[in-house]
Amino acid sequence: MDLNFQYAHHALNESETQSNISKDEAMIAFDQFDWEGEVGKANELQKCSPTLSILINGQDEMLWVSGFGEGGGLQFVSECYFPGDVSRWFGLYKSKGTVILQTQTFNKSQAREALELIIDRNYDGLKKLFNQ
Numbered sequence: 001m002d003l004n005f006q007y008a009h010h011a012l013n014e015s016e017t018q019s020n021i022s023k024d025e026a027m028i029a030f031d032q033f034d035w036e037g038e039v040g041k042a043n044e045l046q047k048c049s050p051t052l053s054i055l056i057n058g059q060d061e062m063l064w065v066s067g068f069g070e071g072g073g074l075q076f077v078s079e080c081y082f083p084g085d086v087s088r089w090f091g092l093y094k095s096k097g098t099v100i101l102q103t104q105t106f107n108k109s110q111a112r113e114a115l116e117l118i119i120d121r122n123y124d125g126l127k128k129l130f131n132q
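Sequence positions in the sequence shown follow our numbering and run 1 to 132.
I should point out that these hints are in silico values taken from the structure, not numbers from a laboratory.
Not one of these hints is a red herring.
25 Å max Cα-Cα, derived DMTMM-like pairs, lysine to aspartate or glutamate:
#: 1; residue 1: Lys127; residue 2: Glu113
#: 2; residue 1: Lys23; residue 2: Glu79
#: 3; residue 1: Lys128; residue 2: Asp60
#: 4; residue 1: Lys127; residue 2: Asp31
#: 5; residue 1: Lys127; residue 2: Asp2
#: 6; residue 1: Lys41; residue 2: Glu79
#: 7; residue 1: Lys94; residue 2: Glu61
#: 8; residue 1: Lys108; residue 2: Glu14
#: 9; residue 1: Lys96; residue 2: Glu61
#: 10; residue 1: Lys47; residue 2: Asp2
#: 11; residue 1: Lys108; residue 2: Asp24
#: 12; residue 1: Lys127; residue 2: Asp60
#: 13; residue 1: Lys96; residue 2: Glu116
#: 14; residue 1: Lys108; residue 2: Asp31
Simulated restraints, written as ranges between beta carbons of each label pair:
#: 15; residue 1: Trp89; residue 2: Glu25; range: 40 to 50 Å
#: 16; residue 1: Lys96; residue 2: Glu70; range: 33 to 43 Å
#: 17; residue 1: Ile28; residue 2: Asp60; range: 18 to 28 Å
Small disclaimer: the values here were computed from a predicted structure and weren't measured.
Don't be surprised by glycine CBs; every beta carbon is placed ideally from N, CA and C.
Please model the entire structure based on the sequences and the hints provided.
Here it is as structure tokens:
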């Protein structure tokens with residue numbers, strides 16, 4: 001697994017990567033990321049929202065969470081990808097493909113839970129968390 005960090009001072013195409021990390025290291029990285037401080041800087045600099053991305057097996061399984069807010073109200077947007085059954089032809093049948101889940105309304109604990117679920121490959125838990 002690889003973790004990418006994007007800080008408020010980064011350009012949109014910049015990030016810092018930690019490779020070959022464990023689940024514990026990923027969870028500690030989320031907990032130690034200064035979300036509130038980076039969101040404050042992002043509001044001031046207007047460059048980039050603080051974002052943490054985890055990539056498992058290259059791009060096959062991926063989750064990113066990005067913090068935003070004003071006045072101490074921290075929220076997250078998130079998106080994840082993983083292999084699974086995808087509805088086709090207006091939902092008439094399913095076939096193997098890439099499941100894509102998105103939300104605009106996570107709080108910090110939900111963002112953390114999403115990270116843990118993707119690491120554990122708990123896809124049903126992710127669908128439930130993302131209300132899909």
